[in-house]
Amino acid sequence: MTMSKFEISNQGPIKLARCENVPSIMVIAGPNGVGKSTLLVSLRDRKGRIEGLKGKLLYLPPHRAPAPFRLHKSLPVIGPRRKFRDIIASNTFSLSLPHIPGVSLPYYLTSTSGRSHLMPDFAPYAELKYRLAQFKYEFMLCLNDVYEKRDEVPKGLMPDIYQPLRKFVNALLPGLRFEEVKLEGELYKIYFKNRLGNLVEFDDLSSGEKDTLAIFFPFIEKQVENELAKVKGEKPPQEELVVLIDTPEAYLHPELQHRFIEYIRELVEETKEGEKLQFIIATHSTTIISMTKAEELYSLVFPDQSLDGNQLIRVASDEEKLRLIRDILGDITFALAGKPLLLLEGPSDVDILSLLM
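Taking the numbering used here, I'd label the letters of the sequence shown as residues 67 to 423.
Any given hint could turn out to be false.
What the hints assert, rightly or not - Below are the DSBU-like pairs computed for lysine-lysine, each with C-alpha atoms no more than 35 Å apart in a straight line:
1) Lys-298 <-> Lys-149
2) Lys-248 <-> Lys-259
3) Lys-259 <-> Lys-120
If you're looking for bench data, these hints aren't it; they were derived computationally from the structure. Remember, it's a predicted structure, so these values are computed and weren't measured experimentally.
When you get a sec, could you build the whole thing from the sequences and use the hints?
This is the structure in structure tokens:
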């Protein structure tokens, strides 16, 4: 089961934040300093009363830091066999490996660090690259096993295990296409092709492209694992996940923020029997707020602004949603003055105007 109820008390600026019926998608907005990040970390660390939760809690803090490193061919062979989801569920990160002569990793990947909203988090980007190389290595082992048993690899027997990644990139990152994970000499390279037809290695993608991949990689990983399970003749395990995302908009253009929330809804709606998905998101994005449905949107207020002591308030009307956007933007009198507007952010401005009308 995913989270049905929670109550957080006496954690930083939060005196009391309670939700009796946690929706499948919960978007929490509010001013700086009110405790949005504290609430997510408290849920991650289970500091409070949480009911119904039996699945895994995945946590993505706000300062997701790029972690470029040379992905040596020996890493998937001798490195730890672990899932991206397990690292994102952990509150510490280290890519510590046995000593390999002539191979070294950056210090920020080998020194154990806490995964906190206060510190840069190197786990998402580094583990994404590492896991993709592991997939390549696992697939080659499967291919070798089939060949040894049959003396050939029948055409069409081996699926394209990267199809889930290709499908995701096509859906959320138009103009970009996943090409391959390729072993070049001593290094694994992860290649994409941009709208100009040029090959781009993962480390050279834009911040928004890398962050989109990192945020959704737990689900890409699960789908690739399912493809590998078919090759091995195994039954894919069922899994329930609660995903805590702090500031998803950090690197995302407003149009990509639109696709972000739409894709989350698709993931929740497409979950198979026996599997559950739940997202709890802290944001300042007016684009994400304006796209959020009434049953999904909550405002976190300061203790002295709460009428009944509960600082977590469900936003139940367009008027309340517009007030929340005003609180985040600081001032929307320019939009109420009846003067012509210069629309700079495309769909996000249209959403705000729809609420005004």
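Results of checking the hints against the structure:
1. Lys-298 <-> Lys-149: holds, 18 Å
2. Lys-248 <-> Lys-259: Between Lys-248 and Lys-259 the Cα gap is close to 14 Å, so the pair holds against 35 Å.
3. Lys-259 <-> Lys-120: Since the Cα atoms of Lys-259 and Lys-120 sit roughly 40 Å apart, the hinted pair is violated (cutoff 35 Å).
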